[in-house]
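Those protein sequences? They're chains A and B, same order as listed. Numbering (my numbering) for the first sequence: 404 to 515. Numbering (my numbering) for the second sequence: 10 to 123.
When the alpha-carbon atoms are kept at most 30 Å apart in a straight line, the in silico DSSO-like pairs for lysine-lysine are as follows: (1) B:28 to A:445; (2) B:45 to A:462; (3) B:27 to B:45; (4) A:472 to B:50; (5) A:466 to B:45; (6) B:62 to B:50; (7) B:18 to A:502; (8) B:31 to B:50; (9) A:472 to B:45; (10) B:45 to A:445; (11) A:482 to B:49; (12) B:49 to A:460; (13) A:502 to B:47; (14) A:502 to B:45; (15) B:18 to B:50; (16) A:472 to B:47; (17) B:50 to A:466.
Calculated from the structure, these hints are not laboratory results.
The primary structure of each chain is shown beneath.
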Amino acid sequence: EDQVTQSPEALRLQEGESSSLNCSYTVSGLRGLFWYRQDPGKGPEFLFTLYSAGEEKEKERLKATLTKKESFLHITAPKPEDSATYLCAVGGRTFGNEKLTFGTGTRLTIIP
Amino acid sequence: DTEVTQTPKHLVMGMTNKKSLKCEQHMGHRAMYWYKQKAKKPPELMFVYSYEKLSINESVPSRFSPECPNSSLLNLHLHALQPEDSALYLCASSGPLRQPGELFFGEGSRLTVL
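With the rest of the complex left out, here is chain B (with noise of 0.2 Å):
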């Protein structure tokens, strides 16, 4: 099983709304990620957890909330977005008897905020 899962595909959100993005992988893997990518623009780096602590938080804005509740999961909380917020949030995991870099995706949440 090589795949990480992203759970909703597809989220509308109000700019008042509380909603959370899934994430999980049964590959073993310790590292995991959320990336952001806008239209055409190539994905940028949120946050990482390493062996489920937070290890690099991209300065991102807190309206953002990542958690990651065990090594196959990870959560993306979401509240009070703002319409440039609407992009396609991407997740990712590694492992260490990979190749450093070597990352595997989801398919993505694509989030639009109203």
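Next comes chain A alone, as it looks inside the complex (with noise of 0.2 Å):
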């Protein structure tokens, strides 16, 4: 069964302080890894997928990046519109059947 484990569970920034966020993954085979921004009341927004380790993806101040045993998602000079909760998944990569598997997520503040 796979497993997705993120830490820390909150974190606090000061808007401009650049942290990195953990997720650390076990599973049979890896299909993909999924990174998600879910802010209070709506629906997780995807970000990223990534597929083999060493791989990276960036976005404005977003960047993810892979290992065989664990992704990051460094976040750089951060505003206030960064505050969410950001999901690590696993998952297939079969179209229609992504049984994705989602870590409990990371609630980040970064205050003005």
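Since each chain comes alone in its own frame, lean on the hints to assemble the complex.
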């Protein structure tokens, strides 16, 4: 059974203070690792897909990286609007059978 | 149009009621999903429809009954629910031209069972 563990559970940063969120996973064979952002009372919003160790993806102030055992979401010079819960998931690569297993998330708060 | 629309946004029902949650997308996606999310917990997969056929049922109790009338619509019929079924129910869709794992989620229907 796939397992995903995220740390820390919550993180408070000052605006502009860079940091990283961690996602550790245990799977029988990694098909894909996905990062989502979820705002309170909303559905998750897709950010990145990573498939193989060494892969990196970037979007604005966010950069996701992948090793054989974990993924990091680096946030550089964050702004208050980056405050959200960031969810990591592992799952399938076969369209129509994406059984994503989500971690419990990191609740990020950026203080102005 | 990159939206998944869910109705109603809020629903309160008694344990003997029958109600339905509805989900609609017009992105041409051919896979649609129901997830359940409790407070401060991750989303948990319930059902997946692929090309209007049920492809995954995560051993969900029969008091939840999914239906996919066509490629744009997904329903979740609710009957004889328990208070512990209170949660945010999220619908999502994905398309073959998108990356695997790239799901588009709606804002959810918040269900309270009294």
